[in-house]
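Fit chain B to the known structure of chain A by using the hints.
Chain by chain, the residues:
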Amino acid sequence: MATGIKDKVAILGMGCSKFGERWDAGSPELMKEAFEEALADAGIERKQIEAAWFGCWGDGINVGNSSIPAAMALRLEGIPVSRVENMCATGTEALRGAAYAVASGAVDIALAIGAEKLKDTGFGGLPPPFKGTFNDMWMPMGSAPAGFAQLAPYYRAKYGTSKEDLKKAISHISWKSHQNGQYSPKAHFQKAVSMETIMNAPMISDPLGLFDCSGVSDGSACAIVTTPEIARAMGKTDLVTIKALQLSTSSGRETQTNDWDGSYVANTRVAAARAYKEAGISDPKKEVSLSEVHDCFSITELVTMEDLGFSDDGRAVFDILDGRYDRDGAMPCQIDGGLKCFGHPIGASGLRMAYEVYNQLLGRAGERQLASPSVGLTHNLGGVPYQGIAAISILGLH
Amino acid sequence: MAEFGISAFGAYVPRLRIDRAIIADAHKWAAPSLRGAAKGSRAFTSWDEDAITMAVEAARDALGSGDGAGVKAVRLASTNLPYADLQNAAIVARAAGLPASVASSDAAGSQRAGTSALLQALKGSEPALVIGSDNPFGKPASTQELSFGAGAAAFLVSDENVAARLVGSASVTEVFVDHFRSTDAGSDYGWEERWVRDEGYAKIAPAAIKAALADAQLAIGDIQHFVMPSYLKGAADAVAKRVKFAGTVAGGLEDGIGYAGAAHALLMLAATLETAEPGDRILLVGFGQGADALIFQATDAIKAAKPARGVAGSIADALPTDSYLRLLSFYDGIAMEWGMRSEKSAKTPLTEQYRSGFQLEGFNAGKCGSCGTVQFPQLQYCVRCHAPREQFEQVSLRDQEATVLTSTADWLSYHPSPPLWVGFVEFPSGARVMMEMVDIGKDGIDTGAKLRMVYRIKEKDRQRGYNRYFWKSTPVGAA
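Going down the list, the sequences are from chains A and B. Just so we're aligned, residue 1 is where the first sequence starts under this note's numbering, counting upward by one. Just so we're aligned, residue 1 is where the second sequence starts under this note's numbering, counting upward by one.
If we strip away everything but chain A, and leave its shape as in the complex, we get (with noise of 0.2 Å):
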C-alpha cells in the first residue's frame, strides 16, 4: 500500500535568479544564477548531485528540447539528467521528480531546475503553440486568456455574482499581488499600482484587462532535495520537508462532455484533495498558513481559491474583498506577488513557488516575512482551465 512522500524528501537548498526581462541573460544565464544560489544554500558541491531534473517549456524559443542543454550549462558530468515539460506545471514536475529520486531511495541527493527565457521572441505575450498535428486540424487557436477568461461568465452565473462584483474582486487581486510585489527583490513587477488604474486598463478578454494577466518573464529557480535524515546529517537544524506532491491532468471529460460547469477548475479539486490526504491535512483553511497559487490571470486565482477549500464555492468573491487572502489577512496569498508581479517564466514557476514558500517557513523572508507560518502550499495549473494539469505541493517544516 502506497504511503506517499510525506516527510521522505527535504529541502536542502533552493536558489531563484531575479525575474524580469532579463535582457541580458538566456536560460544558461538564468539557471546559474539560481543553481548558485542553490548550492551555497544546500552547502554542498556540484557533484555530489547525483541526478536532476531540467523543466522547461518552450524548445522553439529556449535552448531546445532534451536535457543537455542543462547538463552542459551547468556541467553535470555524466549523472541523469531529465528534460520534464508539463505546460505551466513544468517547474513542478521538475521537483516531483527529485523529490520521487530521493523518496524512492535511487540516490540521496537529486537537483530540479526549472528555466524559461520569454524574451527572446522579438514580441509581448507568448508564442501561439503547436497543439499536434491532430489537434490543429479543427481546435481553434485562442490565446491563454481568452482560455481563462471564458470561467468568468459561469462562474458569475453559478453563483449570481454580478458584472461588477467579480470585477472589483479580480481587480482586487491584482491589486493585492502589486501591494506584495514592492518588497520582493526578485520580482518583475515591484510598484504598487491603485484600484483604479487596475479596473481602467484595456481590456485584453473579456473580464480580463491588462493588469488582470501574469507578467511574461525570463527566470529560474531551483531546488536541491535529499532525506531528512541526511539533511540533519549534514547539520542542517530547521528543515522544511515535502508534505504532498500531486499532479491531475485532464482525460477529457470538461471538453468533451457536460460533466463540467465551466466555474471551477476540475484538476485542482482532483489534486487538492490528493495532496491534502497526502499530508494528512483535513482542514486546509486552518492547517494551511500561506499559498503561492497559479494566477496566470486573476480570475484563476479566484476559482483557485475555492477549488483548493480556502474559499466555500461562491464565496471567492467575499472574501478576496475582505482581505482574507492579502498580506496581513488569515491567509495570505502571493507573498512574493505571485505569477502577477513575480513574474511567470512558464518552466521555473512551480519552483519559484515553492522558493518562496520554503523562505517564508525558514523565516528568511525579509520585509515580506510573515508571522511563523508553518504549512505552505504551492499551486501550478498548466494548460487551460478545461483542459490542463493541476500540481500542487505542500511544503512544512519537519
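Hints may contain errors.
What the hints assert, rightly or not - List time: in silico DSS-like cross-link candidates among lysine-lysine, alpha-carbon distance up to 30 Å:
#: 1; chain 1: A; residue 1: K158; chain 2: B; residue 2: K442
#: 2; chain 1: B; residue 1: K442; chain 2: A; residue 2: K167
#: 3; chain 1: B; residue 1: K347; chain 2: A; residue 2: K119
#: 4; chain 1: A; residue 1: K163; chain 2: B; residue 2: K442
#: 5; chain 1: B; residue 1: K442; chain 2: B; residue 2: K344
#: 6; chain 1: A; residue 1: K119; chain 2: B; residue 2: K344
#: 7; chain 1: B; residue 1: K241; chain 2: B; residue 2: K39
#: 8; chain 1: A; residue 1: K286; chain 2: A; residue 2: K167
#: 9; chain 1: A; residue 1: K163; chain 2: A; residue 2: K285
#: 10; chain 1: A; residue 1: K168; chain 2: A; residue 2: K285
#: 11; chain 1: A; residue 1: K191; chain 2: A; residue 2: K32
#: 12; chain 1: B; residue 1: K123; chain 2: B; residue 2: K72
#: 13; chain 1: A; residue 1: K236; chain 2: A; residue 2: K8
#: 14; chain 1: A; residue 1: K119; chain 2: A; residue 2: K191
#: 15; chain 1: B; residue 1: K72; chain 2: B; residue 2: K303
#: 16; chain 1: A; residue 1: K18; chain 2: A; residue 2: K186
#: 17; chain 1: A; residue 1: K285; chain 2: A; residue 2: K167
#: 18; chain 1: B; residue 1: K460; chain 2: A; residue 2: K119
#: 19; chain 1: B; residue 1: K442; chain 2: A; residue 2: K168
#: 20; chain 1: A; residue 1: K158; chain 2: B; residue 2: K450
#: 21; chain 1: B; residue 1: K450; chain 2: A; residue 2: K167
#: 22; chain 1: A; residue 1: K168; chain 2: A; residue 2: K286
#: 23; chain 1: B; residue 1: K347; chain 2: A; residue 2: K131
#: 24; chain 1: B; residue 1: K367; chain 2: A; residue 2: K131
#: 25; chain 1: A; residue 1: K163; chain 2: B; residue 2: K450
#: 26; chain 1: B; residue 1: K72; chain 2: B; residue 2: K367
#: 27; chain 1: A; residue 1: K131; chain 2: B; residue 2: K344
#: 28; chain 1: B; residue 1: K450; chain 2: A; residue 2: K131
#: 29; chain 1: B; residue 1: K460; chain 2: A; residue 2: K131
#: 30; chain 1: B; residue 1: K460; chain 2: B; residue 2: K139
#: 31; chain 1: A; residue 1: K18; chain 2: A; residue 2: K32
Worth flagging that the hints you see were computed from the coordinates, not collected in a lab. Remember, it's a predicted structure, so these values are computed and weren't measured experimentally.
Chain B only, in chain A's frame:
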C-alpha cells in the same frame, strides 16, 4: 428513358455586406465618378470563405434534410476555385456528407461554367448535384469592385420529384473575348463595354436562344421569365428586347449580392424558381465564349421544392459592415501588419488530414456503443466509459442546431478578422466542442445563443498556398 430535371435547389450568400457608397467614398480622391454607380450593398466573402466553403453551404441548402444518398455526381463550377490542381469538388462533396461513391469534377474557365455544368447534368443519365460558387475580385477603384459580389447556388438534378423540367436547350461557342484572366493573374482585363454589349451579348445570346426555342418547339411568347446574368448594366434588357421578349426580365440581384461570376446564372435561376408558379417557363442564358440557353418549365412540385434558405433567405441574412479596408484585406488586396504571432507555421500534415478525414470532413462525432455518449473529437476510448472507438457510431454534428455555452472575444491571438470569437458549443446530442464562432456582429454573442455549423477555412498556409478547412459555428440568422 427517365426525364431529368431540377428536383431541389439551394443557395448561399456570404453574410458580410458593404454599401457600395462606402467603397466609392474610399476611392473618391482618385475615381470620383464611381459615386454614380454606388447604389445598394454587395456581398463579400469573409477571410475564411471561398468557392469551396460557399459551395458546401449551397449544397446543404439544396439537400435539405436529405442525406444525398441518391446523388451520383458532384459538379462544381467557378472561375475562382482555390486550387488549380486539387479537385475542389471533392472537398465540397465530402464536407456536404456525400458518400465516397460519387463522381466529382470541377467546371471552370468561363462565366458560363455554371450553366454548362447544369446543362451537362440535365443531359446526363444519373442524379447529380451541380453547384456554382464564385467570389470574383475586382481591382480597387474598378467598376467591377462595385458590381461584383459573391455567392453560390446548388441544384439537385434527378428524375424524382422534378420541380423544373428542361424542355429545350442549345449552346453556341464563339471566341469572343469580352474579358480574360490568365491563370496566374489576380483580376480581369476587360474590353470596352459598348462593344461587349452590342457585338457580344446582343448577337451571340440571341443565336443560342433561338436554337433553344426551336429545340423546345416553343416561341418566345411562351416564356414567362428571362434570366440572364451580366456584369454589364442593361445587357439582359438589351438581349430581351432583341429577342422580342415581353415577360419578366429577372433582376440581377445587384442589391445584397452583386455579380457572383460563374455562379450568378445559377443564383438568378434559384431566385426565379423560388417565386415561380407551376407551368411557368424560364429561359436561362449563360454568356461567355458563346452562350448556353436552357428552357425550363416548372411543375406542380415547384412549391414543395423551395429551400429552407434559398436566395431570398440568403439576402435577408445579412451582416452589414462599414469598413472598405476589411473587404480589401479579406480579398488579399492589402498587406496588413498582423504581428509576429501570425508567423506561426500553418503547414498541414496531409497524412494526418487523410487519417482524420472520417471525423473532420463531415464533422462526425462518435456515439459510444456502450454508454451512448456523443463526443467530438473521437479519440481512442470513450471519454466517459472508456469503451474503444471501434464501437462508436458516426453522428454528424454538421446539421445540429447548437447553443453557446461560453464565448470570449480574443483580441490577442492572431486572427485575420479580429477578434477571434471562441467558446464551448453544446449540441442537442450532448456533444460539447470548443469552437470558433464567425460572422459575429458588433453586439457580440451571449450564452444560450443558437448556432448553426458552417464549413470554413480553418487556417491559411500562405507560405505553401494551402487552406485547411473545418467547421465553425455562426449565429442562427434571419433565415
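Under the constraints set out in the numbered hints, which ones does this structure not fulfil? Checked against the structure, no hint fails, so every one of them is satisfied.
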